[in-house]
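Trainee: Given next are the chains, with one letter for each unit.
Protein chains: 2
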Amino acid sequence: MKFDELLMIPGPVQVHSRILNAMAKPLIGHRTPEFSEIMKRCTEGLKELFGTKDDVYIITGSGTAGIEAAISTFSSVKKITCIDNGKFGDRLCRIASRYTEVDELRFEWGNSIELEAVEKSLEEGSEAIAFVHNETSTGILNPAEEIGKLAKKHSALVIMDGITSVGGDEVKMDEWGIDVAIVGSQKCLGIPPGLAAVAVRERAWEFYNKKAPFYLDLSAYKKKLKDWQTPYTPAIPLFVALDEAIKMIKEEGLEKRIERHRTFSKAVREWAINAGLELFPELNEYSRYSNTVTAIKMPPEITDSELRGTLKREYGVTISGGQEHLKGRIFRIGTMGNIGKREILSTLAAIEDILTRKGAAMPALNVAMNVLKDL
Amino acid sequence: MKFDELLMIPGPVQVHSRILNAMAKPLIGHRTPEFSEIMKRCTEGLKELFGTKDDVYIITGSGTAGIEAAISTFSSVKKITCIDNGKFGDRLCRIASRYTEVDELRFEWGNSIELEAVEKSLEEGSEAIAFVHNETSTGILNPAEEIGKLAKKHSALVIMDGITSVGGDEVKMDEWGIDVAIVGSQKCLGIPPGLAAVAVRERAWEFYNKKAPFYLDLSAYKKKLKDWQTPYTPAIPLFVALDEAIKMIKEEGLEKRIERHRTFSKAVREWAINAGLELFPELNEYSRYSNTVTAIKMPPEITDSELRGTLKREYGVTISGGQEHLKGRIFRIGTMGNIGKREILSTLAAIEDILTRKGAAMPALNVAMNVLKDL
Chain H
8 MKFDELLMIP
18 GPVQVHSRIL
28 NAMAKPLIGH
38 RTPEFSEIMK
48 RCTEGLKELF
58 GTKDDVYIIT
68 GSGTAGIEAA
78 ISTFSSVKKI
88 TCIDNGKFGD
98 RLCRIASRYT
108 EVDELRFEWG
118 NSIELEAVEK
128 SLEEGSEAIA
138 FVHNETSTGI
148 LNPAEEIGKL
158 AKKHSALVIM
168 DGITSVGGDE
178 VKMDEWGIDV
188 AIVGSQKCLG
198 IPPGLAAVAV
208 RERAWEFYNK
218 KAPFYLDLSA
228 YKKKLKDWQT
238 PYTPAIPLFV
248 ALDEAIKMIK
258 EEGLEKRIER
268 HRTFSKAVRE
278 WAINAGLELF
288 PELNEYSRYS
298 NTVTAIKMPP
308 EITDSELRGT
318 LKREYGVTIS
328 GGQEHLKGRI
338 FRIGTMGNIG
348 KREILSTLAA
358 IEDILTRKGA
368 AMPALNVAMN
378 VLKDL
Chain W
8 MKFDELLMIP
18 GPVQVHSRIL
28 NAMAKPLIGH
38 RTPEFSEIMK
48 RCTEGLKELF
58 GTKDDVYIIT
68 GSGTAGIEAA
78 ISTFSSVKKI
88 TCIDNGKFGD
98 RLCRIASRYT
108 EVDELRFEWG
118 NSIELEAVEK
128 SLEEGSEAIA
138 FVHNETSTGI
148 LNPAEEIGKL
158 AKKHSALVIM
168 DGITSVGGDE
178 VKMDEWGIDV
188 AIVGSQKCLG
198 IPPGLAAVAV
208 RERAWEFYNK
218 KAPFYLDLSA
228 YKKKLKDWQT
238 PYTPAIPLFV
248 ALDEAIKMIK
258 EEGLEKRIER
268 HRTFSKAVRE
278 WAINAGLELF
288 PELNEYSRYS
298 NTVTAIKMPP
308 EITDSELRGT
318 LKREYGVTIS
328 GGQEHLKGRI
338 FRIGTMGNIG
348 KREILSTLAA
358 IEDILTRKGA
368 AMPALNVAMN
378 VLKDL
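In the order they appear, the protein sequences are chains H and W. Numbers 8 to 382, taken from our numbering, label the letters of the first sequence in order. Numbers 8 to 382, taken from our numbering, label the letters of the second sequence in order.
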């Protein structure tokens, strides 16, 4: 018999039954007042998660579609500084280079970014910065607030990939001076993949590039938002799911939700360290460990397929491996969305079981329990 | 009390309970063999509906995203002929003009296209044709096979918007010489909106433009299809829905399904004519009435809001009005997807009730029953 699986990857995340059931409701038309009501609630709920009073546009597409919408719509700059310290930073650079000149700041994957290099790039004529807030490929939280400050000094536009932070970690666009930010539906929001939302502060429109792709040109979304509508047919069931997800976030309270995510990732980190494992990221003074995903070095006693394969086969739990050249060198545990202490402990217990059998770790579950005890 | 509604618009269509329930299954990860199995079944099922042996790429996005993916990826041509005899033809032209020079052939909305004009455009140096197969804004089926023949004579690339024909009407890409075609999920396939599929015959790659938008560049989809994967995170529940929809189409049989769609639209047309109403399209020798949507002139005795408003309020049935300058001048009944005779007759009965009360039509339901009797 095949049991229900548990997804503990950095997205798509485990989806709560309330959200699954919301998707199965009979379809409504999108050019209706009922749909506009849903759009309105979704948009206003998202504004709060982004920490902005300005617009949020919801696109049917993956997070990558959201990123390209943001970059292409606001690419009327001579040069953009793209920060790359992981797979998604790399993707940002590749997308940006289709629309304008890119100054790519590369740091080794797993390393923190250096703010001095960002400042130098701005001094040398770059007019915008694009970066990833929470780099899931390496488990690092990049310093959004500090980047916002640097940009302000140089009046540069800031585009932030918040795909895996918004809704699970603190994001304050207005306060930090982030002009454009993007979130994906299948991460901390807790719904299936298929939607991306782009929050845009009014100021960003000074950088509007009217040559953006037709489908991704956010000016069409802006125009339609006045009637709480989308310019093209939206993935209606996913909007209904988002509506339910926003309701659940309100019920939990955003602050509590962020605290829960932080506690979960802390529990994973403390467990890992006490089990004798090593965290992957190298932090400098500005960077932090991600609060939504933890990257751990693969111990030499076990292979990636032994660890993740056994975990899936014996326990029905899916975690992630490393991407690109990190394949086999790290494993990653996502702790995003609408999950509880039960999912965290059962995942760690299962991993611990497999690792200790191989002599690759020591028992440390009690440490995780202790971190989780006040939740 | 609010009863369940019935969507009889040209998409999004009424969704069958089997498909709604498929979406509510616990989420699986997309980088898994399970997902690849789904991708494989979906892709191979779609090939049959497109009438091609070559590739089909599935994109998370609306039909418009699919159109832009097709046009932008295959826009390495000096000039493209865009045929515009309705709202979606107009959109094709606007998208194409972002990527190459466009020779726009405009015909009044509701009129048939003239093949002589298409041929002239090709003779004058156009290297490609883009057109809408089934123009839902006016209820016309444009002559795909004849356009394919003309293109072949001039070795031109043919891109066909099959968004509202594929899966409900006959489409034979390989036989007709259509190089690229697009379908939307929320039309004849019978699932909710959020996916578009683009079928691409090998020959089209001669026209590959490497400057397509990152998200919509079909070469990335082609590369990943070898592993039955998508390049960016797919809207997983919609793929599960598509898998179920393809299963349902196989159960019904494609020929029977097309016959059912043709009979439904015939029943609507015959009813309309016998009720004293007038069909909107002006057909020439090449064009046909759409087999998936019927456009009817609004009788002078009633307004759009009286007809559609009462229909929705009293019967819970949604049909479409006219778009842009046709607003108030026509109404449109969609007959796509997984619906039966019951939905057709109840919709016509409800419309007839409202129109006859206003003296705007005569009873003619028996005519529709007669058309439907052999199904």
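One should not assume that every hint holds.
[Stated by the list, open to error] In the PhoX-like style, the derived pairs of lysine-lysine whose C-alpha atoms are separated by at most 20 Å in a straight line are:
1. Lys218/H <-> Lys218/W
2. Lys273/H <-> Lys218/H
3. Lys230/W <-> Lys86/W
4. Lys231/H <-> Lys94/W
5. Lys230/W <-> Lys94/H
[To be verified] Partner residues aside, some chain W positions facing chain H, computed with beta carbon under 10 Å:
6. Met8
7. Ala29
8. Gly36
9. Arg105
10. Pro199
11. Ala219
12. Leu245
[What the hints assert, rightly or not] What follows is a set of in silico ranges between Cβ atoms, one per label pair, in the way DEER data are often shown:
13. Lys9/W <-> Lys254/H: 16 to 24 Å
14. Gly316/H <-> Glu266/W: 32 to 40 Å
15. Met8/H <-> Arg25/W: 19 to 27 Å
16. Lys233/W <-> Met8/H: 47 to 55 Å
17. Glu259/H <-> Gly323/W: 49 to 57 Å
18. Lys230/H <-> Glu266/W: 50 to 58 Å
19. Lys218/W <-> Glu153/H: 47 to 55 Å
20. Asp234/H <-> Arg364/W: 30 to 38 Å
21. His332/H <-> Lys233/W: 48 to 56 Å
The set of hints was computed from the structure by calculation and includes no laboratory data. Quick caveat, the model's predicted, so the values are computed rather than measured. Every residue gets a Cβ at the ideal spot worked out from N, C-alpha and C, and that includes glycine.
Trainee: Does each hint fit the structure? Answer for all of them.
Mentor: Here is how each hint holds up against the structure:
1. Proposed proximity of Lys218/H and Lys218/W is supported: the alpha carbons are some 13 Å apart, at most 20 Å.
2. Under the criterion of a C-alpha separation no larger than 20 Å, the hint pairing Lys273/H with Lys218/H is inconsistent with the structure, at around 44 Å.
3. A hinted pair counts as satisfied when its Cα atoms are at most 20 Å apart, and Lys230/W with Lys86/W does not qualify at roughly 28 Å.
4. The straight-line distance between the Cα atoms of Lys231/H and Lys94/W is roughly 17 Å, inside the 20 Å bound, and the hint therefore holds.
5. At roughly 19 Å between alpha-carbon atoms, Lys230/W and Lys94/H fall within 20 Å of each other, so this suggested pair holds.
6. Hint status for Met8/W: violated, given a least beta-carbon distance of 15 Å to chain H, over 10 Å.
7. Interface restraint check: Ala29/W against chain H, minimum CB-CB distance 9 Å, threshold 10 Å, status holds.
8. Given hint, Gly36/W at the interface with chain H, holds; its Cβ is 5 Å from that chain's nearest Cβ, closer than 10 Å.
9. Evaluation of the Arg105/W hint against chain H yields a held restraint, the C-beta minimum of about 6 Å falling below 10 Å.
10. At its closest, the beta carbon of Pro199/W sits 5 Å from a beta carbon of chain H; the interface hint therefore holds under the 10 Å criterion.
11. Interface hint status for Ala219/W: upheld, as the beta-carbon distance to the closest one in chain H is roughly 9 Å, under 10 Å.
12. At a threshold of 10 Å, the smallest CB-CB gap from Leu245/W to chain H is about 6 Å, leaving the interface hint in force.
13. Judged by the Cβ atoms, the range 16 to 24 Å given for Lys9/W and Lys254/H holds: they are separated by roughly 19 Å.
14. For the pair Gly316/H and Glu266/W, the supplied restraint of 32 to 40 Å is violated, since their beta-carbon distance comes to about 48 Å.
15. Checked against the hint of 19 to 27 Å, the pair Met8/H and Arg25/W passes, with Cβ atoms roughly 23 Å apart.
16. Taking the beta carbon of each, Lys233/W and Met8/H are about 33 Å apart, not inside 47 to 55 Å as hinted.
17. Distance hint for Glu259/H and Gly323/W: a CB-CB separation of about 35 Å, inconsistent with the stated range 49 to 57 Å.
18. Distance hint check: the CB atoms of Lys230/H and Glu266/W are about 42 Å apart, inconsistent with the given range 50 to 58 Å.
19. Distance hint check: the CB atoms of Lys218/W and Glu153/H are about 35 Å apart, inconsistent with the given range 47 to 55 Å.
20. At about 31 Å, the CB distance of Asp234/H to Arg364/W agrees with the hint of 30 to 38 Å.
21. Taking the beta carbon of each, His332/H and Lys233/W are about 21 Å apart, not inside 48 to 56 Å as hinted.
Of the numbered hints listed earlier, those contradicted by the structure are 2, 3, 6, 14, 16, 17, 18, 19, 21.
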